[in-house]
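Visitor: So you can see what is in the structure, the chains are spelled out below.
2 protein chains.
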Amino acid sequence: MENNKKPLILISNDDGVTAKGINELIKYLRPLGEIVVMAPDSARSGSGCALTVNYPVHYRLIRQEPSLRVYACTGTPADCIKLARNTVVERQPDLVIGGINHGDNSGTNVHYSGTMGIAIEGCLNGIPSIGFSLCDHAPDAEFRYCEKYITEITRMVLEKGLPDRVCLNVNFPNIDQIKGVKVCEQAVGRWEREWQPCPRHHDDRYFWLSGEFVNYEPGNNKTDNWALANGYVAVTPTLVDLTAYHFMEELNTRLSSDL
Amino acid sequence: MENNKKPLILISNDDGVTAKGINELIKYLRPLGEIVVMAPDSARSGSGCALTVNYPVHYRLIRQEPSLRVYACTGTPADCIKLARNTVVERQPDLVIGGINHGDNSGTNVHYSGTMGIAIEGCLNGIPSIGFSLCDHAPDAEFRYCEKYITEITRMVLEKGLPDRVCLNVNFPNIDQIKGVKVCEQAVGRWEREWQPCPRHHDDRYFWLSGEFVNYEPGNNKTDNWALANGYVAVTPTLVDLTAYHFMEELNTRLSSDL
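If you're matching them up, the sequences are chains A and H in order.
Everything in the first sequence is counted per the numbering used here, starting at 112 for the first residue and increasing by one.
Everything in the second sequence is counted per the numbering used here, starting at 112 for the first residue and increasing by one.
Copies of the same chain look alike in the list, so a pair counts if it fits in one copy or across any two.
Straight-line C-alpha distance at most 20 Å; calculated SDA-like pairs for lysine to any residue:
{"no.": "1", "residue 1": "LYS271", "residue 2": "GLN203"}
{"no.": "2", "residue 1": "LYS290", "residue 2": "ARG365"}
{"no.": "3", "residue 1": "LYS271", "residue 2": "TYR356"}
{"no.": "4", "residue 1": "LYS259", "residue 2": "LYS271"}
{"no.": "5", "residue 1": "LYS271", "residue 2": "HIS357"}
{"no.": "6", "residue 1": "LYS333", "residue 2": "SER367"}
{"no.": "7", "residue 1": "LYS290", "residue 2": "THR364"}
{"no.": "8", "residue 1": "LYS116", "residue 2": "LEU269"}
{"no.": "9", "residue 1": "LYS271", "residue 2": "SER368"}
{"no.": "10", "residue 1": "LYS259", "residue 2": "GLY144"}
{"no.": "11", "residue 1": "LYS259", "residue 2": "THR364"}
{"no.": "12", "residue 1": "LYS116", "residue 2": "GLN175"}
{"no.": "13", "residue 1": "LYS259", "residue 2": "PRO142"}
{"no.": "14", "residue 1": "LYS138", "residue 2": "LEU179"}
{"no.": "15", "residue 1": "LYS131", "residue 2": "ASN285"}
{"no.": "16", "residue 1": "LYS259", "residue 2": "SER367"}
None of these hints come from the bench; they were simulated from the model.
Please put together the full structure from these sequences, using the hints given.
Guide: Pasting the structure below:
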């Protein structure tokens, strides 16, 4: 970042601009820099990295104070980062932050998470990026125990940056006595009982998305899922280069013989 | 797969169930097994791994022939795989396939791609999975030069499987003289000029998503982007474990001193 300027921090979320989590995040981060928020005008949970391609996206300013502007946007979380970068911010942000999400984004949920869609979008554009999530879906969830960790992790990333193509997925357990921070691996597991029938008239082919995440390695204390279950903040460094390098040679052998 | 049964192949796409690409794919794959298609009822480009969480999802049967059933679904591509697995298929599919997409899903586009959202969803559930895409957005794109590669790659994956947590991102150049197949890395690059203004009345804060992908390493012949630009089918093995293992130790050191 330039010496004479406060760090520019671009924030979004997937619960919508009025959610408690993003407004707590704004409070915690205001002392650290100039804040620009562009967030969806309503809830967009489960957006992943989705973009809006079939209709135009619109934004409007809804709040302005010294070193803080807040915009509401009709698009997805990833749209918000793309649009803010190309319209309302005058320079490359020093940091992109998603959250604080109302709900767990550990394990394989990273793929479905709009919060992590924000961090991935920042990271793909070379900006140090973090997604913060609390394991509590309630609209009035208690975020206060996260504050000190959010401040310190954000300050660390502002000072030291992150490696190329790496962002952070930070998840908080829903407890008041947090034991500390653990650097974690993405847990291996699957969603089960994913659909809840909600028949309409005589049609039983309507379903609500539902289900529960089952950790397939509950005893593996390296995973984010384990850390959360045991009272730690889970910090999972997350790579946006998805290449499976370890399979390239074998795949090459297979395709050379088959094609 | 069980010996007495034909392989069960679950197919979806993000261009919608009536798109040419998915109907060509169905034709190519019918000789290989029993086909179940559940695809969005209209275009869902740029869906990534997005899920529908704020309203129920519905499906209906629209076509039935020997060893082929086609369902239209109101959800996203990833919803389609989740819903089909839990409703209309009676056993775990032997293969999940997304495509053939009308448009390029190489490089960082893997994150935004509904086609790859399908493959990632299959892979997260332990099913060998592939996304096929052609570098041509036209509704009447010519897919016929892809057929032989799709058949062979699908057959190879049916026979030999894929490693745990790895799926394939297969992209075809839009040419009739394909030079062959290359196993690739995900290209490093960024989208530029991403928004096209579309003012409405006196409001200039409306934008269409647009832009172009700029390859930051155009001379790197290991990338999928290079392969496509040079006439090869790009086969990029894709990992759904996003953990940045190479950064864990340093992150641990940083967090131990800061927190």
